[in-house]
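> Chain by chain, the residues:
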Amino acid sequence: MRKLLIMALKEVRLAFRDVGALVTMLVTPLALTLAFGAAFGASGSAVLTDIPVLVLDQDQGAMADQLVDILQSDSVGELLAVEMVQDDAAARARVDADAVAALVTIPSGFTDRSFPLLSRVQEQVDVDLLSLDPEQAESQLTPEQQRDIAILYTQLENDPQEDPITIEIFASADRPISVGVVKGLVSQVLEQLHMTTQGISNILAALTTITTQQQGGMQNMARLMTTAGEEAMTDVGVDDLPVKLRVVSPSGRPFSWLNYSATSMAVLFLMFAVTSGGRTLLAERQGGTLPRLLVSPTPALTILIGKMGGIVLTGMLQVLVLWGATTLIGAYWGDPFGVLLAIVSLVLSATGVGALISAWSQTPGQAGAIGTMITLIGSGISGSFFPRSGLPSWLQSLSLLMPNAWGIEIFSRLQLGKSVSDILPWLGGLLLLTIAYYTAAAFGFRRQFD
Amino acid sequence: MALVEVRNLVKQYTAGGPNAVDDVSFEIQAGEIFSLLGPNGAGKTTTISMISTLLRPTSGAITVNGCDVLGDPMGVRRSIGVVPQDLALYDELSARENLRFWGEMRGLHGDGLKQEIDEKLRLMDLTNRAADRVKTFSGGMKRRLNLAVGLLGNPPLVMLDEPTVAIDPQSRRYILDWVKDMNTKGLTVLYTTHYMEEAQELSHRIGIIDQGKLIAIGALEELTRLVGEHETLILTLYQESGGTQLAEAVAGLEGILQASAHDGEVVLNVASAETALPTALGQASLLGLSVRTIEIREPNLETVFLHLTGRALRD
Numbered sequence: 001m002r003k004l005l006i007m008a009l010k011e012v013r014l015a016f017r018d019v020g021a022l023v024t025m026l027v028t029p030l031a032l033t034l035a036f037g038a039a040f041g042a043s044g045s046a047v048l049t050d051i052p053v054l055v056l057d058q059d060q061g062a063m064a065d066q067l068v069d070i071l072q073s074d075s076v077g078e079l080l081a082v083e084m085v086q087d088d089a090a091a092r093a094r095v096d097a098d099a100v101a102a103l104v105t106i107p108s109g110f111t112d113r114s115f116p117l118l119s120r121v122q123e124q125v126d127v128d129l130l131s132l133d134p135e136q137a138e139s140q141l142t143p144e145q146q147r148d149i150a151i152l153y154t155q156l157e158n159d160p161q162e163d164p165i166t167i168e169i170f171a172s173a174d175r176p177i178s179v180g181v182v183k184g185l186v187s188q189v190l191e192q193l194h195m196t197t198q199g200i201s202n203i204l205a206a207l208t209t210i211t212t213q214q215q216g217g218m219q220n221m222a223r224l225m226t227t228a229g230e231e232a233m234t235d236v237g238v239d240d241l242p243v244k245l246r247v248v249s250p251s252g253r254p255f256s257w258l259n260y261s262a263t264s265m266a267v268l269f270l271m272f273a274v275t276s277g278g279r280t281l282l283a284e285r286q287g288g289t290l291p292r293l294l295v296s297p298t299p300a301l302t303i304l305i306g307k308m309g310g311i312v313l314t315g316m317l318q319v320l321v322l323w324g325a326t327t328l329i330g331a332y333w334g335d336p337f338g339v340l341l342a343i344v345s346l347v348l349s350a351t352g353v354g355a356l357i358s359a360w361s362q363t364p365g366q367a368g369a370i371g372t373m374i375t376l377i378g379s380g381i382s383g384s385f386f387p388r389s390g391l392p393s394w395l396q397s398l399s400l401l402m403p404n405a406w407g408i409e410i411f412s413r414l415q416l417g418k419s420v421s422d423i424l425p426w427l428g429g430l431l432l433l434t435i436a437y438y439t440a441a442a443f444g445f446r447r448q449f450d
Numbered sequence: 001m002a003l004v005e006v007r008n009l010v011k012q013y014t015a016g017g018p019n020a021v022d023d024v025s026f027e028i029q030a031g032e033i034f035s036l037l038g039p040n041g042a043g044k045t046t047t048i049s050m051i052s053t054l055l056r057p058t059s060g061a062i063t064v065n066g067c068d069v070l071g072d073p074m075g076v077r078r079s080i081g082v083v084p085q086d087l088a089l090y091d092e093l094s095a096r097e098n099l100r101f102w103g104e105m106r107g108l109h110g111d112g113l114k115q116e117i118d119e120k121l122r123l124m125d126l127t128n129r130a131a132d133r134v135k136t137f138s139g140g141m142k143r144r145l146n147l148a149v150g151l152l153g154n155p156p157l158v159m160l161d162e163p164t165v166a167i168d169p170q171s172r173r174y175i176l177d178w179v180k181d182m183n184t185k186g187l188t189v190l191y192t193t194h195y196m197e198e199a200q201e202l203s204h205r206i207g208i209i210d211q212g213k214l215i216a217i218g219a220l221e222e223l224t225r226l227v228g229e230h231e232t233l234i235l236t237l238y239q240e241s242g243g244t245q246l247a248e249a250v251a252g253l254e255g256i257l258q259a260s261a262h263d264g265e266v267v268l269n270v271a272s273a274e275t276a277l278p279t280a281l282g283q284a285s286l287l288g289l290s291v292r293t294i295e296i297r298e299p300n301l302e303t304v305f306l307h308l309t310g311r312a313l314r315d
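Protein sequence lines correspond, in order, to chains A and B. Residue numbers for the first sequence follow the numbering used here, beginning at 1 and rising by one. Residue numbers for the second sequence follow the numbering used here, beginning at 1 and rising by one.
So here's chain B without its partners, still in its complex pose (with noise of 0.2 angstroms):
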């Protein structure tokens, strides 16, 4: 059985207006690192608020750990850690109060509270500063809190929110690291980003979304094989604003399937990068453009995405 059970969600914010959630219907495992992939506004935050039971879905049915989330919703919250893309501490509190105050509330108490607290500093690498105020600490030391909170009771399952937003590299790749570690030790885990190279390196599975509907889901060997053997090619111009009017200029031509541009980079899915190549670059003398550099990928995730939407999954 699923740990997790996603079924036709919908969520539309206003009557009559758009779904910011259409359809979707997904299932997570037990002991699976599950990511639900999408550039801002794709509907992955509303998402794990409606599991979460932070929001009533307009329809559809999300059962957590047997628990459905209107039915039993603290049956749910039971069985969920949330870590939110903001910090949500307090920063007036100490480490050790931030972590007594959420474990409380968690119903955690005594000895077993106490246990636990001293468990997910060490964890967290944050015994030593476990007196001193929140807002004392570093944007990383807070984020490591931040995941300790949504630790606390060892919850079966561990949402986290685009944890690694507007952080230092070192920081994202202890967080990055720490996902990896805990899933070892059995931890299931539901993960939203908009990197790619975050759900490709973590995750399982991967649940692609954009505007509301889950477009794709699957292994990353699973969603690559969508695209076939398309190779991306990637030209970055020394003219930034040229990106759009190349990939017009390029787009159906022969042996590039799809082409999109962002900060003058141009992007193409293309059957072969060895034919396209010269097209691209002939287009590019036309419009009187110059190509700083070329760079040629294998089938990602980015190309799934372009592949499927039509646009870079940053756009």
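Chain A with its partners taken away, still in its complex shape (with noise of 0.2 angstroms):
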């Protein structure tokens, strides 16, 4: 035990004292993730078509209207597919199975809250406002509903003024992406509705203004509303809108490109170190010091154990720093426990790739080719550039053959909110391979050491 120790404590202290091997364990996954947290910020968007969206229509009013048909319309019809839903428990399951990428659910008092003066004025005056044309003004409002609508208008601006309403797209967790675009489509459409509504409420302001003042016409008066519509268009912003966006996932913590980097660009990078480390085994074989080791007092499976122990003890040290420094940049890894347990999981698992590779090669550059090339194929259908749920089913599927698939669903999982126990099936996954690899490398070793 004592011997295991000093091996697996002198493969840490060479991995370390390689400045190479620190810019590639800690440096080059820092700054990349870095990097994917500052170009996508806390989401991301991609070009995709016919993204499944349910909508949940809790309002039925004439804005949730507007929104439905314009999410509906031909402008964003390759985009998404929508689906009307009823039921907000029966869409919900279905986004947790990710049958569908998200459920939009516009809320009950939707209408009411961002266009209050709408269902009054519709109520009142029996006038659509949404139908109103600035220019067209004088022809469409009779002066006593002109009066009636600026009586409206009044009491309106001297209510108080309430929260925004929020819009929740319940996202499914294994697609970022999709989701990414449907945050971004409703965020326009409201963008959309809300200069709509500014501009109708400018002019009523203008209304008012006249009404009050009697000054004028309604010749007067429609050159006013125009004015007061065309600076609604350029006035708006996305801080002004009344209606909020609230992107949760089926645990109720929201996607973040910053989180997702932070743990795929620490998986992809413990990949390369442990594989790496794996090739030092034929590295000492060739430059004299595994033979040197193996005349020493010191059983076979001694020196083996603590090597690998070593690249396990490195693959943690690396992966654990790489914790603590993007968390101080503010990425979120879950819940601690979970995340302890993932990479242990998963570094065993990696330095199981790396075993084998090891034990199956002739010479330190043959595993470090074979190494690489694992590493970066394995790492782009498992999910270390993009999401997995981008790629077709069956490339899905070959991806859980490497740690880094596993690793980086068990991750995500944890960002998103999920316990523990909601991981243990992805860990007893990871678990299986880990003891195949490892199974397949003693096979190798065997032969080796033979």
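Keep in mind the hints are simulated off the structure, nothing from the lab. Since we're looking at a predicted model, the values are computed, not measured. Glycine included, C-beta positions come from ideal geometry on N, C-alpha and C. Check the hints yourself; a few may be wrong.
One-sided and incomplete, this derived list gives chain B residues near chain A with beta-carbon spacing under 8 angstroms [claimed, not checked]: (1) Ser52; (2) Thr53; (3) Leu54; (4) Arg77; (5) Arg78; (6) Val82; (7) Pro84; (8) Ala88; (9) Tyr90; (10) Phe101; (11) Glu104; (12) Met105; (13) Arg106; (14) Gly107; (15) Leu108; (16) Asp111.
In silico DSSO-like pairs for lysine-lysine, Cα to Cα no more than 27 angstroms straight-line [as the list claims (entries may be wrong)]: (17) Lys114/B / Lys135/B; (18) Lys180/B / Lys142/B; (19) Lys142/B / Lys114/B; (20) Lys3/A / Lys142/B; (21) Lys185/B / Lys142/B; (22) Lys3/A / Lys114/B; (23) Lys185/B / Lys114/B; (24) Lys213/B / Lys114/B; (25) Lys3/A / Lys135/B.
Both chains are given apart, each in its own frame, so use the hints to dock them into the complex.
Okay, structure coming up:
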């Protein structure tokens, strides 16, 4: 046991004294995390089509109709495949099962809160403000209607300001890019609606001014209303929206590219580090230190386990440092206990890949080339650069041969607020894969050591 | 009882392939410097690898300090120190860290290990560089540290596998003197080399190995006696390519027992240099070859090897 620990600590010491290895293990993944985080911020988008989206309209008001109409219109028709639903629980279950990318819930009171004047004018004056054309207001509104609208407008202006209402996007954890697209589109539609309502409000403000001051006639009013409408079109910003968007995952935490990049880059560069660590076994053989170890009074198994233990320890330190560093820049990895479990499982498994490559390679160069190839291809299909959900299903299945895919899936779930018990099946799958790696590696090592 | 006993040792790397070591038997007595002398590829390293438990013999038996290499490999490993031909050190660790690591791998620890590290650093004149990383060392310093690692734990037997290959003359001299010095302090040494001069200078007994077979064994005097009263005549030619031609021409002529050529040198094993020299010069003249130098040597290991194999040691 003592020799095993000495072997392992020697590996850690050698790894952390190698400047090149430190750059690969720590500096590069941190830099890439920062770059991805800066590029995509807290969400992301990509070009996709026919993203399956459910819309639950709990409002049934005019503004909600407008929103649904736009989401179903030809302008966004290629991007979204919208399905209207009535049952909230059933819809959420479909998102949970990853059958659809998201559920957009338009809350009850949406129309009233996003454009309060609309329903009051509709009810009390029998005028549909959304169909009001500023340039033809003269022919559309009678003097009585103008007066009544002005009164309602003044009343509303004096009402206390209410908090913005929130549209919830209940998002699939497995489709972060699709969810990003949905969020972007809904946000755009809301801005568009807000520009319209703001324009109308400005027209009504002008109408109120004219009516109360008894100045000019309808001609003057039309001019003021047109100007007010144009001003509204240029003044609207996202921050002005009376409606807020909130993306929640089935577990309640939002998807973030910074979080995703932090863990996916850590997994990618862990793979580089451990496959490179595995290669050192062959390098030690070639350099003569392994034969020297084998003629020391230390069992070969102790040497092998000690060496692998050192690589595991190095990998764990690497991921722990990255966890700490990325947390400092704002990334969230999930429940600490779950993260620790995930790190231990992932590092053990990744080291298994390194061991497997070393066990069946002849030279350090060969192991290096195979390791780089496996790491890059494996990372490409396992979600290190972009989520696996964007890949064909057969490739998604194939990626499960790599610990990267399991690691990223586990971390994604933890980041979205899942508990340790939720990730246990994934940890179990990773464990089985790890056993398979070490078994195959053991045959290779046995062949080498004989 | 011998410290090392090797009996009918055979190593075949591939089933049905040639024997890298072929029925080799010898003993090494405690306190002895025993050299295995032979050209590259003769089987020296394979033999030493089997004795050190690194390679499993195809057949035969080896015991070291009473321990069988197959039955009690740990006992063998505790009894030996190995200094490999290539430097087996960690460049990123300091000299002291290397010694500590290798010492711990031998089961040493605590104050005992610390004292031994200090002693080895002093012995190898590396105390001032103890904290420096090995990658900053010169080749000679690395060689000395490599030797020091082999001595950790003060094993009764140290095996040095061609320790002077590719090093400068000063370092070579240092190693040879060190081996002799350690031997006077009771260390038993198994030394492999393809340098005849080293084997001659160091060894109490020498085993000559060629193509996997141990072709002669004994003290220097015993080996040279095998050649009889023969002398070695070495002719250096101006025409390097003519050596083989001249060796073939003189082979079998009266008084010339054996002839071989290498890099423009013709090595002749002769009964008498006085009578053989005119014959050799005459043949060179006939072939249009010009002789640059003539050297006459008393019987030595080169002569013995030539006598036994028909080839020069460095062929």
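> Next, verify each hint and record whether it holds.
The hints, checked one at a time:
1. This hint holds: Ser52/B has a C-beta 4 angstroms from the nearest C-beta of chain A, less than the 8 angstroms allowed.
2. About 6 angstroms separates the beta-carbon of Thr53/B from the nearest beta-carbon of chain A, less than 8 angstroms, and the hint is met.
3. Below 8 angstroms, beta-carbon pairs count as interface contacts, and Leu54/B has one with chain A at about 5 angstroms; its hint therefore holds.
4. A least Cβ separation of about 4 angstroms between Arg77/B and chain A falls short of the 8 angstroms threshold, and the interface hint therefore holds.
5. Restraint check, Arg78/B versus chain A: the minimum CB separation of about 5 angstroms is within 8 angstroms; hint holds.
6. For Val82/B, the interface hint holds, the least distance from its beta-carbon to any beta-carbon of chain A being 5 angstroms, beneath 8 angstroms.
7. Interface hint status for Pro84/B: upheld, as the beta-carbon distance to the closest one in chain A is roughly 5 angstroms, under 8 angstroms.
8. Taking 8 angstroms as the C-beta cut-off, the interface hint given for Ala88/B holds, the closest approach to chain A being about 4 angstroms.
9. Of the supplied interface hints, the one on Tyr90/B holds, with its beta-carbon coming within about 6 angstroms of a beta-carbon of chain A, less than 8 angstroms.
10. With a least beta-carbon distance of about 6 angstroms to chain A, the hint placing Phe101/B at the interface is held under the 8 angstroms criterion.
11. The beta carbon of Glu104/B is positioned within 8 angstroms of a beta carbon in chain A (closest approach about 5 angstroms), and the interface hint is therefore held.
12. Hint status for Met105/B relative to chain A: holds, with the closest Cβ pair at about 4 angstroms, below 8 angstroms.
13. Interface hint at Arg106/B: satisfied, since its Cβ lies 6 angstroms from the closest Cβ of chain A, which is below the 8 angstroms cut-off.
14. For Gly107/B, the interface hint holds, since its Cβ comes within 8 angstroms of a Cβ in chain A; the closest pair sits about 6 angstroms apart.
15. Taking 8 angstroms as the C-beta cut-off, the interface hint given for Leu108/B is violated, the closest approach to chain A being about 10 angstroms.
16. With its C-beta approaching chain A no nearer than about 16 angstroms, Asp111/B sits outside the 8 angstroms limit, and its interface hint is violated.
17. Distance restraint check for Lys114/B and Lys135/B: the Cα-Cα separation of roughly 22 angstroms lies within the 27 angstroms cut-off, and the hinted pair is therefore satisfied.
18. Proximity of Lys180/B to Lys142/B is assessed by CA-CA distance (about 20 angstroms); at most 27 angstroms being required, the pair is judged to hold.
19. Between Lys142/B and Lys114/B the alpha-carbon distance is near 20 angstroms, which keeps this suggested pair within the 27 angstroms criterion.
20. The hinted pair formed by Lys3/A and Lys142/B meets the criterion: a straight-line CA distance of about 25 angstroms does not exceed 27 angstroms.
21. Restraint check for Lys185/B and Lys142/B: the C-alpha separation of about 23 angstroms stays at or below 27 angstroms, so the hint holds.
22. Between Lys3/A and Lys114/B the CA atoms are separated by roughly 17 angstroms; this keeps the pair inside 27 angstroms, and the hint holds.
23. Our distance criterion of 27 angstroms between C-alpha atoms is met by Lys185/B and Lys114/B, whose separation comes to about 21 angstroms.
24. For the hint linking Lys213/B to Lys114/B, the alpha-carbon distance of about 43 angstroms lies beyond 27 angstroms, and the restraint is violated.
25. Only pairs whose Cα atoms come within 27 angstroms are accepted, and Lys3/A paired with Lys135/B is accepted, the gap being roughly 25 angstroms.
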